[in-house]
Amino acid sequence: MPAVLRRLKRLGARGSHFGIVALFTVFAAFPFFWMVVTTFKRTPDLMNTKNNPFLFNQPPTLEHLRVLFFDTLYGRWLWNTAFVGVLVVAITLLLAVPAAYSLARLTGRGGEQLGIGIFLTYLVPPTILFIPLARVVSNLGLKDSLWSLILVYPSFTVPFCTWLLMGFFKAIPRDLEEAAMIDGYSRFGAFVKVVIPLSIAGILTVVIFSLTLVMQEFVYGMTFISFASQYTVSVGVPTFLVRGDVYFWGSLMAACFIASVPIAILYNFFVDRFIAGFTVGAVKG
Amino acid sequence: MAIVETRNIKKYFGDVPAVNGVDLSTEEGEFLVLLGPSGCGKTTLLRMIAGLEEPTSGEILIGGQVVNDLPPRARKIAMVFQSYALYPHMTVFKNIAFPLKAQSVPKETWQSKVEWAASMFGIEKLLHRKPRELSGGERQRVALARALVREPTVFLLDEPLSNLDAKLRTSAREELQQFQRRIGTTTIYVTHDQVEAMGLGDRIAVMNQGKVRQLGTPQEIYHEPADTFVAGFLGSPPMNLVEYDDTIVGFRPETFLPREVFGVQDDLVAFQFKVTRIEYLGADRLLYGFLGGKLADAHVISRLPSTVTASIQQGETYEFVVQAKDLKFFDKETGLRTGPRPL
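Just so you know, the sequences run in chain order X and C. Residue numbers for the first sequence, in our numbering: 59 to 343. Residue numbers for the second sequence, in our numbering: 19 to 361.
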């Protein structure tokens, strides 16, 4: 019965397709679910190993959120993180976009090697760099100031983002820029009017990537800043919500959840942009 | 409208010459075709005229003005790329209006200018679409409309038909020629396709290895080739080239015919022709084989139109003739054309 077989085959294919998607969905969503559940669980419910950990065995509570917002400087840390994040993203774009364009277009074959060289600097871990950089920061008089982070964070966001953007710029056919240059723009004009709009996916990736790096960075934040009021989320939360071997799980999870939601939303908004074959139709095809 | 002139222009990529001393001058409103095999430097020459490549030495003049130091945007040229280079993030309307915007043309006039350019190519209905929603032929028209809208003094076209299928290419060729005649703008057109070149060009510059080998009308290029390269590049099949002493003798396959085709004429040169293979192509028969006698073992081709009904058998030897005026002679060393001599 080939018809029945074909039907079965199709069903099987669809089934495994959905199965895989479901698996990844669970994998991706589970941490969020866990954070939300833990945020609203009473501590005795949380600590009792006999309880079902996935459900509320006692009525939910807002106690952990109260601790987070009123007993710590969490609001302030969120603000600090956003402040550093926005400025670091701006600096990264300002440096990485022209650098990547130059490397992709103007430096000939050496550009590729130079790009890889720049990327390699990203691989030097902060655990090696934080001691010398601490000297630099202190000599500049930026110790305990958020500006120390704004100065140091681009040292890892710029190399990676330059390398990332190089790929995007290379994917844009040269003809398009040349057409714009013949149509009446300078190279810079062609870059702004044609290349930037076409690499918007790359630029958004850079924004999100830099923001994520800033939000999770710990070593520099810990080393350069010792006032609680100047902490970022990634330093403040573990410092104040882990006291000795007492973990304030509910508040910890709440803090992580609140900090991760904006990034998750940002990703979801622009996921199409990341994936879309944006230059389709530009050249023959 | 303007005259484009290049004076001893050279372009080296490292040590490799891509364009090696080209002197070329268009006429007012002319359709000039740069024809040559890939890698002959024709596209590089066009890009230097456009200002996208900087010449290593030499001068480029547009409308009598040296433009070497002018950026592309200041040369009053328009270029159509092989890939069309439409801006994928803009609608057709915005694509066509893009040069107007770039040159700060008042916004009120955009609508009428874009509509005019679009109407020249019959694409008024496509103005709201994106390039990815267009077929190859439509994209090509949009690219042409975008080039036209700013009313340039020179059109530069880089193989604009090569991405179209064969049928569309024929009609696009016709449209392109009509359009050029109508607007009368000097046009330089790059192609490796000899049919396109012969069909479109007022004059053709045949290029090879960075040099112009011959510049002339399609008739001159075809019937009076300046050297063996031009003779061998044009025509399908190309000219038969046969070594004879210190010269090379050339004759077109369609002039190499059985004796009986000609009546009693005294300017005929006869050859013994052993036919080894016959290709029947409908309108023509192609005969492959070898010459006998003093040009022994030279491989040649004859093209018989279907009006020649002589029966030809594979493996047989026949007497074929060429009219003396159709024999071309070339120097064996240089490949250059020389005067006629007796065979």
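Treat each hint with caution, since some may be false.
Pairs of lysine-lysine residues, derived as BS3-like cross-links and limited to a Cα-Cα distance of at most 30 Å, are as follows [stated by the list, open to error]: (1) C:119 to X:228; (2) X:228 to C:94; (3) C:112 to C:125; (4) C:343 to C:312; (5) X:228 to C:312; (6) C:148 to C:125; (7) C:125 to C:94; (8) C:292 to C:229; (9) X:228 to C:148; (10) C:94 to C:119; (11) C:343 to X:228; (12) C:131 to C:119; (13) C:148 to C:131; (14) C:229 to C:94; (15) C:125 to C:185.
The set of hints was computed from the structure by calculation and includes no laboratory data.
Outcome of the hint check:
This hinted pair checks out: residue 119 of chain C and residue 228 of chain X have alpha carbons roughly 26 Å apart, not beyond 30 Å. For the suggested pair residue 228 of chain X and residue 94 of chain C, the alpha carbons sit about 28 Å apart, so the restraint of at most 30 Å is met. A hinted pair counts as satisfied when its Cα atoms are at most 30 Å apart, and residue 112 of chain C with residue 125 of chain C qualifies at roughly 12 Å. Between the alpha carbons of residue 343 of chain C and residue 312 of chain C the distance comes to roughly 20 Å, so the proposed pair stays at or under 30 Å and holds.
Taken as a hint, the residue 228 of chain X and residue 312 of chain C pair is broken in the structure, with Cα atoms around 60 Å apart against an allowance of 30 Å. Between the alpha carbons of residue 148 of chain C and residue 125 of chain C the distance comes to roughly 21 Å, so the proposed pair stays at or under 30 Å and holds. Simply put, residue 125 of chain C and residue 94 of chain C have alpha-carbon atoms about 20 Å apart, close enough for the 30 Å limit, and the pair holds. A threshold of 30 Å between alpha carbons decides the hint, and for residue 292 of chain C with residue 229 of chain C the separation of about 38 Å lies outside it, so the pair is violated.
For the given pair, residue 228 of chain X sits about 22 Å from residue 148 of chain C by alpha-carbon distance, which is consistent with the 30 Å threshold. This hinted pair checks out: residue 94 of chain C and residue 119 of chain C have alpha carbons roughly 15 Å apart, not beyond 30 Å. Annotation: proposed proximity of residue 343 of chain C to residue 228 of chain X is violated, straight-line Cα distance about 56 Å (limit 30 Å). At roughly 12 Å between alpha-carbon atoms, residue 131 of chain C and residue 119 of chain C fall within 30 Å of each other, so this suggested pair holds.
Between the alpha carbons of residue 148 of chain C and residue 131 of chain C the distance comes to roughly 19 Å, so the proposed pair stays at or under 30 Å and holds. Between residue 229 of chain C and residue 94 of chain C, the direct Cα distance comes to roughly 26 Å. Compliance with the 30 Å bound is thereby established for this hinted pair. Distance restraint check for residue 125 of chain C and residue 185 of chain C: the Cα-Cα separation of roughly 39 Å exceeds the 30 Å cut-off, and the hinted pair is therefore not satisfied.
Taken one by one, the earlier hints fail for this structure at numbers 5, 8, 11, 15, listed in ascending order.
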